[in-house]
Amino acid sequence: MRDLAAIVGIAESEYTKWGRLTRCTEYQLALETIVAAVADAGLTMDDVDGFASFSNDRNEFSFVATDLGVPRVAWAGTTWIVGGGGACAAVGEAAAAIASGRARCVVVYRSIAMGQFRRFGRALAGDVQGVRPQDAALGFALPFGFLNATVGMALLVRRHMHLYGTSEEHLGHVAVTFRAHANRNPAAVMYGRPMTLADHAAAPRIVEPFGLLDCCLETDGANALVLVSPERARDCRHRPVHVVAAAQGSGPRWGCGAWAMQYMPEEDYATGNGRTVADDLWRAAGVGPADVDVAQLYDHYSGMVLLQLEDFGFCARGESGPFAASGALRWPDGALPTNTAGGSLSEAYVHGLNHVVEGVKQLRGTAVNQVADAELCLVASGSGIPTSALLLRRGERA
Amino acid sequence: MSAPARSPYLPPGMPLPAVTDDTRPFWDACRRHALVVQRCTACGAFRHPPTPVCWRCRRFEHEWTPLPGTGTVFSYAVVHRAFLPPLADHVPFTVAVVALDGAPGVRLVSNVVDVGPDALHVGLAVEVFFEDVTPEVSLPRFRLRRP
Chain A
0 MRDLAAIVGI
10 AESEYTKWGR
20 LTRCTEYQLA
30 LETIVAAVAD
40 AGLTMDDVDG
50 FASFSNDRNE
60 FSFVATDLGV
70 PRVAWAGTTW
80 IVGGGGACAA
90 VGEAAAAIAS
100 GRARCVVVYR
110 SIAMGQFRRF
120 GRALAGDVQG
130 VRPQDAALGF
140 ALPFGFLNAT
150 VGMALLVRRH
160 MHLYGTSEEH
170 LGHVAVTFRA
180 HANRNPAAVM
190 YGRPMTLADH
200 AAAPRIVEPF
210 GLLDCCLETD
220 GANALVLVSP
230 ERARDCRHRP
240 VHVVAAAQGS
250 GPRWGCGAWA
260 MQYMPEEDYA
270 TGNGRTVADD
280 LWRAAGVGPA
290 DVDVAQLYDH
300 YSGMVLLQLE
310 DFGFCARGES
320 GPFAASGALR
330 WPDGALPTNT
340 AGGSLSEAYV
350 HGLNHVVEGV
360 KQLRGTAVNQ
370 VADAELCLVA
380 SGSGIPTSAL
390 LLRRGERA
Chain B
0 MSAPARSPYL
10 PPGMPLPAVT
20 DDTRPFWDAC
30 RRHALVVQRC
40 TACGAFRHPP
50 TPVCWRCRRF
60 EHEWTPLPGT
70 GTVFSYAVVH
80 RAFLPPLADH
90 VPFTVAVVAL
100 DGAPGVRLVS
110 NVVDVGPDAL
120 HVGLAVEVFF
130 EDVTPEVSLP
140 RFRLRRP
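These protein sequence lines are chains A and B, in that order. Positions 0 to 397 (numbering that gives the first Met the number 0) are the ones given, in order, by the first sequence. Positions 0 to 146 (numbering that gives the first Met the number 0) are the ones given, in order, by the second sequence.
No wet-lab data here; the hints were simulated from the structure. Since we're looking at a predicted model, the values are computed, not measured. Misleading hints may appear alongside valid ones.
Unchecked claim - Derived SDA-like pairs (lysine to any residue); straight-line CA-CA distance at most 25 Å:
hint, chain 1, residue 1, chain 2, residue 2
1, A, Lys16, A, Arg238
2, A, Lys16, A, Pro203
3, A, Lys16, A, Arg118
4, A, Lys16, B, Ala81
5, A, Lys16, A, Leu162
6, A, Lys16, B, Arg57
7, A, Lys16, A, Gly120
8, A, Lys16, A, Glu59
9, A, Lys16, A, Val34
10, A, Lys16, B, Thr64
11, A, Lys16, A, Leu30
12, A, Lys16, B, His79
13, A, Lys16, B, Pro134
14, A, Lys16, B, Phe82
15, A, Lys16, A, Gly287
16, A, Lys16, A, Arg183
17, A, Lys16, A, Gly285
18, A, Lys16, A, Ala289
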């Protein structure tokens, strides 16, 4: 089957702890990153005719396209796959727009300056304007102290611990592994900040079973990627990275996830809601988990990485804790080096678009923690909510 | 092990439920200290939180079924961080998901007020009671089931 599109340009802004982006607005950060990604591709803004983002990015394409003087927009799209679940979906939509001939060159971007707007870790209370169905749903959560995603994901992981004996130390292996990767990545917010299992265990509790070091960073940063057709990609500056397959969706009755709704079937509860997306992805790609050389998984919370490993079939249900403890996620010699730049736990929180950027670097061969001869990379977006994933393949140079 | 009950379990100033016509009967029942959930009168499936339509048969007719108020802890989280200012002196507290007896598949997000974080566990038998947090709003909370 024909690959959908190719990623030919990538860019990342500086990443800082939230609030430390003071030199420019979040909007400028988006624009700078888009310009850099187009330049990285060896293209110009005149080549760009499409835009995609996700999670209601504040920096709308109509402003971006106008201010960057894009002569002709042929396609623009965002996705209803919520929050950080939508990063791969945005790339997937862009790839579909190219594969269907609706656009020739699409920029996918996301810019988040939490310091200039709202920190994600804050309680959602107070953000409600009018009573939409989702607000009424939150009425079944907020009054009981279920105030943010941390509580929702803690509930899923706690159930997993109950069913399978997953331990807080298992979560620690995830966090410590990704930190070690970030410690070799100068761009990471946690560069130069080592972490041990003892540090992990001693960290202040946030929402048990999560301590501070199980929770993703709150940062300022932006990413952009440029996609064109696989044919056109051969003439771009770097080795192209093909989008072999993209999938998005949700299992039954997850609603907006583990939030107040709690509708999902019991056998689905202690998962990351990625099983249907994984099925679709593997089927579309014609490969399976054993073929993957490197993975970028969504690490809003360490424990959710475990659930996602199971959803995508890298280990059996209930075995992800021991799998992580075995060193499987570790670069360079683990069975499945994962979050090789440090992920949301230790590189930066760009809602998972930085995971796609790292996937591209791995397949270009330019990652700081390069997996030798990496040819296939799985990238998966936010779990425990409607979610999405990409299978990326190293392309050929002209 | 039973911790002393706090009343109210969470402090004044916590968010109150936002209500639509679809969800109002649930909250009105709480005001009367009754626990009800929606049941499809066409196929019998239970659902919660309230919605206009049945997820199983897609029919809109429904009734509000009173439940016995007993249930079992399905999962829980222990909140240590005061995500809102009123919580500053109220952490840690727990959030529990309770599977309700009499309504297969229905789970309620709530709190178990008389069991400390160290003793709370999946499978614990609990029963509902109602806390009048304002003159207009009563919240369903849970305590250890009494024999």
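Hints, verified against the model:
no.: 1; hint: A:Lys16 with A:Arg238; in the structure: violated, 32 Å
no.: 2; hint: A:Lys16 with A:Pro203; in the structure: holds, 19 Å
no.: 3; hint: A:Lys16 with A:Arg118; in the structure: holds, 11 Å
no.: 4; hint: A:Lys16 with B:Ala81; in the structure: holds, 21 Å
no.: 5; hint: A:Lys16 with A:Leu162; in the structure: violated, 36 Å
no.: 6; hint: A:Lys16 with B:Arg57; in the structure: violated, 47 Å
no.: 7; hint: A:Lys16 with A:Gly120; in the structure: holds, 13 Å
no.: 8; hint: A:Lys16 with A:Glu59; in the structure: holds, 24 Å
no.: 9; hint: A:Lys16 with A:Val34; in the structure: holds, 23 Å
no.: 10; hint: A:Lys16 with B:Thr64; in the structure: violated, 50 Å
no.: 11; hint: A:Lys16 with A:Leu30; in the structure: holds, 20 Å
no.: 12; hint: A:Lys16 with B:His79; in the structure: holds, 22 Å
no.: 13; hint: A:Lys16 with B:Pro134; in the structure: violated, 43 Å
no.: 14; hint: A:Lys16 with B:Phe82; in the structure: holds, 19 Å
no.: 15; hint: A:Lys16 with A:Gly287; in the structure: violated, 37 Å
no.: 16; hint: A:Lys16 with A:Arg183; in the structure: holds, 18 Å
no.: 17; hint: A:Lys16 with A:Gly285; in the structure: violated, 40 Å
no.: 18; hint: A:Lys16 with A:Ala289; in the structure: violated, 36 Å
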